[in-house]
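The listed protein sequences derive, respectively, from chains A and B. Each residue of the first sequence is one higher than the one before, starting from 1 at the first, in the numbering used here. Each residue of the second sequence is one higher than the one before, starting from 1 at the first, in the numbering used here.
Rather than coming from a laboratory, the hints here were simulated on the basis of the structure. C-beta: ideal position from N, C-alpha, C; glycine also. Be careful, since some hints might not be right.
20 angstroms max Cα-Cα, derived DMTMM-like pairs, lysine to aspartate or glutamate [unchecked claim]: (1) LYS56/B / GLU380/A; (2) LYS40/A / GLU156/B; (3) LYS56/B / GLU253/A.
FRET-style restraints, in silico, Cβ to Cβ [to be verified]: (4) LEU384/A / ASP54/B: 33 to 41 angstroms; (5) GLY11/B / GLU259/A: 50 to 58 angstroms; (6) ARG42/B / VAL341/A: 29 to 37 angstroms.
Selected chain A positions facing chain B (Cβ under 7 angstroms, derived; list incomplete) [as the list claims (entries may be wrong)]: (7) MET172; (8) ASP176; (9) GLY270; (10) GLY350; (11) VAL354.
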Amino acid sequence: MRQALEGSQAVARAVASCRPGVVAAYPITPQTHIVENISKLVADGLCDCEMVSVESEFSAASVVLGAAATGSRAYTATSSQGILLMAEVLYNIAGMRIPLVLTCANRAVSAPISIWNDQQDSMAVRDAGWIQLYCADNQEATDATVQAFRIAERMELPVMVCMDGFVLTHTMEPIDLPDQDQVDGFLPPYHFSRTLDSGHPMTLGGLAGPDYYAEIRHAHHRALLASETEIVSADRDWAELTGRASGGLLAVEGDADAELAVLAIGSVVGTLREAMQEYEGAKAKLIKLRCFRPFPVEALQQACRGVRRLIVLERALSPGGGGILGTEVRAALSELSDPPVVYNYAVGLGGRDVPMDLYPRLLEAVESGQGERFSIFDVELEKLPEEDR
Amino acid sequence: MIEIRIHGRGGQGNVVAAYLMAAAAFDSGFSSQAFPAFGAERRGAPVVAFVRIDEKPISRRSQVREPAYLIIQDEHLLHEHDLTAGLLPGGGVLINSTRSSEALAEELGGLKVVAIPATAMALETVGRPVPNVALLAAFLQLTGLLPQEGLIRALEERFSGDILEKNRKLAELAVQKVPAGLWKEAQHATGA
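Extracted from the complex, chain B is given alone in its bound form (with noise of 0.2 angstroms):
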């Protein structure tokens, strides 16, 4: 089983980009579970949602502690929470940032990170300032966990339109800003 921790603050679409990602897990064929674990419910708060994709069906529901991923849709929030707490040792944690990965992962003790300036990214494809979907598609790319596909799908299930057709060009973009698979083996290392 996979375990992924999203974090994030109220109307950057935490939920929704877990959501995403374990309707795109299910397209694929694995059984999938999001939820979020609120704050207070108000724009701004600090959000945290919870992916798992397994072979198997996924009976459990407490909160993941031991995340093999992590992706952090607000840079801010690293300073202010301990974020990569119960990370897997060789996860990866994926930014969103304008700073370079290398800064980050010295920031952060040396761990596996990669960041995309997915807030910029959104705003200008979409228009909008919502970091998730540029996240999901280099999160996908990295991991190789899913097929871009899939996500896809899930998107298409989710928006129509001008919005959908926005948000594919931005997976697209998003996809070529990292570099493919290059998180392949941490799912090994998690035993996964």
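Excised from the complex, chain A in its bound form (with noise of 0.2 angstroms):
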């Protein structure tokens, strides 16, 4: 049923929708709202699950594995400084191949401290072997919460949903809820193949030797390879019993043919989406990457087809190197055989709001022919001493 709701409320309810069996959460802005209404609905008996307030988002992270690999549905969200503290676990998680989802409210990391969005957070996990999808606007963290349940239950893997902080988790707008009937029909009962069992005892992520090692991490870039078959038909199962699909791995708007297009990931995409029909200019088009872990190359490649010049956005930096995006996505290019020239550009970073005019100021750079290998586009140097512009 369509609601106007804030982003939050709506994942709250999505989660409770796929009826787990425990969730466990340390608050953090602007994750909070999310487990609040979470709460909520487990005390209002409207979600029948184990609500698992913890003392660290270690602990949190922790009971989810714990949850998950004896045979109950989990579920945890978390932020910024949340989820670096998280970090060790999660990359447990994924060696141990456990099936769980987790809400990113994405937030800039510290020092200095912002409770603001950005997009350093997931980025700084990306390597932690989790499936990791972008969600432009709060219908598709909706309906991309109850995917990421099917996706990681299929392929034994962790999702991560990624949903910028702020920006989408306090922000109010209609939102289609799936109703419970269509969550049930998509999403069969929760089912770990390892399921610890006092009866049967093993080990999950025990010792490896050098011997073993690197097969075994070979297995998980090829589980995680094979993952986008499953992001894309769970999208479009979704978009079957629904009608709104997300975009699979990636979704190409605008004009097919056009020799300029700008790639973005999360919700810069709406506002591009208005600025490129608002704005006269060059033809171009809209790459909304949704699916970053897998690294989509072919589809990629394939948007990317005809592209002279690629405007690449991201939220994120590498300090030192530049962009995480762009470098990824020059690499994948790269095999082209007469691949676009990137223009890689930081935006927004610590919740700088990103505004409409941005693309007539990005079109006018690359015409001017900015090439830069990387920068940060949005920053004032006037407010810097001489010795840091």
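Mind assembling these two chains? They're in different frames, but the hints should get you there.
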């Protein structure tokens, strides 16, 4: 049913409709409302799960690991420093191939302290071995939550659903919440092939010496790559059921023949979509990257056929390196015989507003031949002392 | 598309005001979007919240820089920040103040201003100094943007019992404080 809901509230309702057995979380802005809302649904008898309040994110991740390994569908959510405190457990969850869903309400990372949105937090754990899906709006966040459980459980891999903190979590907008029947039909009861059982003792995540570690890592890498098919089919099946698709691995909008393209990830996509309609200028297409792990190399190559110039926008930074997303896009496209020139910019770090006129300013920068490897596009250098500019 | 900016301080229900307006708009058949821009999260700190209302789905996520209307929950903020920056020509400013609309209009360089003593009204009717519901009801009366019933249904979704009844009464009182449709023209002036 279509309702005006805050993003966090919609995600909480979506989680409840997946009938989790265990939810464990520690509050951190801007994730808090998600967990508060789940907690309320549990208290109101609308979600029959064990809600575990823990003393840290390290414990939250550990509790859901244990819960999923012992046969419960489990969920957690966090942001920023919280996901960094979880990092060790996140690698373990993925290495043990535990099916779990985590919502990352994307927030900048300290220091300096920032409670506001960018995607440094989830990018910091991109190599933990989780599937990562990025949401452009709250409808996608709602739908991706349900899809994530199916992908996680079919692949026996954890899935991180990334939604921009405040910009999505705290935004109220009309959202179609799936019916319980739809979710039940889409998501069968939880099943884990290696459920821990004291009757048949088994170890998960045990020691692997130099003779096997590389093989286990190879298999993990292969499993992530193979999950592309599952991510696409989950979105396709969901679209058949509800009429709503989120774009699978990535979605291309606008002029298919355009030689100029903008690739973006997360909520910036919505602003760009409207800006590209509002501002006259070069024909362009918009590439919404939804799946960052696995990195959809072939789909991206396909989307960039015929593109001469590609602007890659990101909400994170690898200091001393440059763009994270941009670097990966460049690497993927280098296999093309005639790859586009990539203009890589970070925008909206630490919650800086991404305005509509970003788009014409990007076009201007590209037109003027600013072929930079990477820069923070909206940095205001005059605020810095001379030596830092 | 109509864009509205709400200024106030943490604890005054700025975000709730934006959510109530977005819910009322949705209830009345529009697409809507409401979101806050927090400063430090604490009571008393300046908070801005944004509302967009349109007939088409709204996809942009940028902050509202050129609002058609401003709702100011704490008039003292007027002296601390340039709150009217970006207000579209012909746009209206609704202020929670015990001072006269004319005096405030003059102070703001001739902008279209309406003031109502929303905090005092809320204290008297609800027993809490939260001006948001009175301002929302007055805003809808001034602009005719959405029917009052939309606001009432949004209140019903959020509150219940005694608090709901008192807020319903507060909305009715606020409606009587301002002339119906005074700002209807502003919508045309802003191309909506």
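Exercise. Looking back at the numbered hints, which does the structure fail to meet, lowest number first?
Worked result: 1, 6, 8, 10
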